[in-house]
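Colleague: Taken in sequence, the protein lines are chains E and Z. All letters in the first sequence, in the order written, are residues 1 to 222 by my numbering. All letters in the second sequence, in the order written, are residues 1 to 203 by my numbering.
Calculated from the structure, these hints are not laboratory results. It is possible that some hints are incorrect.
Distance condition first, Cα-Cα at most 25 angstroms in a straight line; then the derived SDA-like pairs of lysine to any residue [as the list claims (entries may be wrong)]:
#, chain 1, residue 1, chain 2, residue 2
1, Z, K89, E, S68
2, E, K117, E, S47
3, E, K170, Z, V20
Because the structure is a prediction, the values reported are computed rather than measured.
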Amino acid sequence: MYELVNTNIEGQALFSIPFGDIVDYLTPYTAILFTFALVFTVIAIISKPERQVDIAFGGDAYYTKDISKKQMRFQRFMATACGLATMGGVLSGDVFNFTLFTAMVGIANIGIVASVKNKHILDNAFEYGILAMVGTMPLFGGAAIVLASTGTLSMWILFTPVVAVPLVAKLLLVIGVLAEGMAPVYVAKAEITRAPGAPYILMVHVSSLVMFLRVIEIVVSM
Amino acid sequence: MIPAFFSDYSLGLFIAFVCVIIAFYAMLKETDDLHRLLLTDLVEVVTLSIIALVGTDLAEALILPGLVVGIAEILAMSELYIEKESLFKIPENFLDIEVMETAPKILSSLMLLYGIVLSGFTGGAVAGLGLVFYFMCRKNSERTEILETVSGYAWALWVLAFIIFMTLPQYWFFAIILAGTGVFAKVAAKMTIVGTMRGGNDV
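Just chain E, with the same shape it has in the complex (with noise of 0.2 angstroms):
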């Protein structure tokens, strides 16, 4: 039914699921990378918040920080709407979806990491959220100039070796995901990963992990 061309990096369509023009479809490697989203997320729905231990430095005395249900519920669903964007950005055969996508991802991200009510951890997070808002920009500008240069935005169509995609396109569309799924770097700040949220904070980073391998193969694969 489908097949795809560029075989070299992803490996032939395992399956598809045609909406339309919008042909969702995984292959040997979204499917590895879809599986690892859902078992991130999976984790994520079944395991219960991690209670961070804090010592007092000098003597015997610690204490347990304790995690409202309401704030444990916000960020259980947050990640779990992360995860499922995650997984539909996997999926996407479609690359204005995938964008999508990534923006959800984004959103989720920045609701996961804000739900913390702790002022550094509130500022970290509205820093993120600025540079998710500005990285729209280069992410949709790139599906835009994707859709202006070759006509459409079907990777079926994209991924064959006739229609060529500007390397502008792809740079802006890298650039898009790296601003949207960029916890690696607001993560070098300890407030984030010391922030008792585990284990939804873990989606923060498997969300840009795979976002980011998919998005290089896309890039590739035009």
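Starting from the known structure of chain E, fit chain Z onto it as the hints suggest.
Modeller: Leaving out everything else, chain Z in the frame of chain E:
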């Protein structure tokens, strides 16, 4: 597959990217968090115009999701900003809306005037609604005795009108005016009571 309008398109794209550079420069210079949040909207608008530049039906269909993403992000970020700066205002009143402080006088007087023009039952309802609105917005002390007085005069007018109908039928028009005014005052008073009888300290 380069579209025919490519020269126009690349010119538009160039202008859009100049706008992007200006917006990014502004974001770089700005230090106030709230202003940076507002400036991101500038970037969003340029993004939408980059999509719109493509100028096809597909681009048109893509602007809407792009807009939704932008709005969703700015909403999330505004919430985050409020949380971050702990900018909470505990509402003193259930209906704490600023327009309800300023508008009621004008609106209720307009409705009252319009009610007088309409007269009769309809006019009474309109004027009464105006008064209800006024009393809902202003935390009034309930002064129902005024309404009782108004109601009494309305009854008197009505009775007078009926007497005129019975005794001097040639003055029917004057009687109708009297009766209409009576009904108007009556309905307005009743509607006002609907608005004010809300219980409280001074019932």
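Colleague: Take the C-alpha atoms of E:K170 and Z:V20, compute the straight-line distance between them, and say whether it is at most 25 angstroms.
Modeller: 18 angstroms, holds
Colleague: Quickly compare the C-alpha distance for E:K117 and E:S47 to 25 angstroms and report which way the hint goes.
Modeller: Between E:K117 and E:S47 the Cα gap is close to 21 angstroms, so the pair holds against 25 angstroms.
Colleague: Does E:S68 lie within 25 angstroms of Z:K89 when you go C-alpha to C-alpha?
Modeller: 23 angstroms, holds
Violated hints for the displayed structure: none, as all numbered hints are satisfied.
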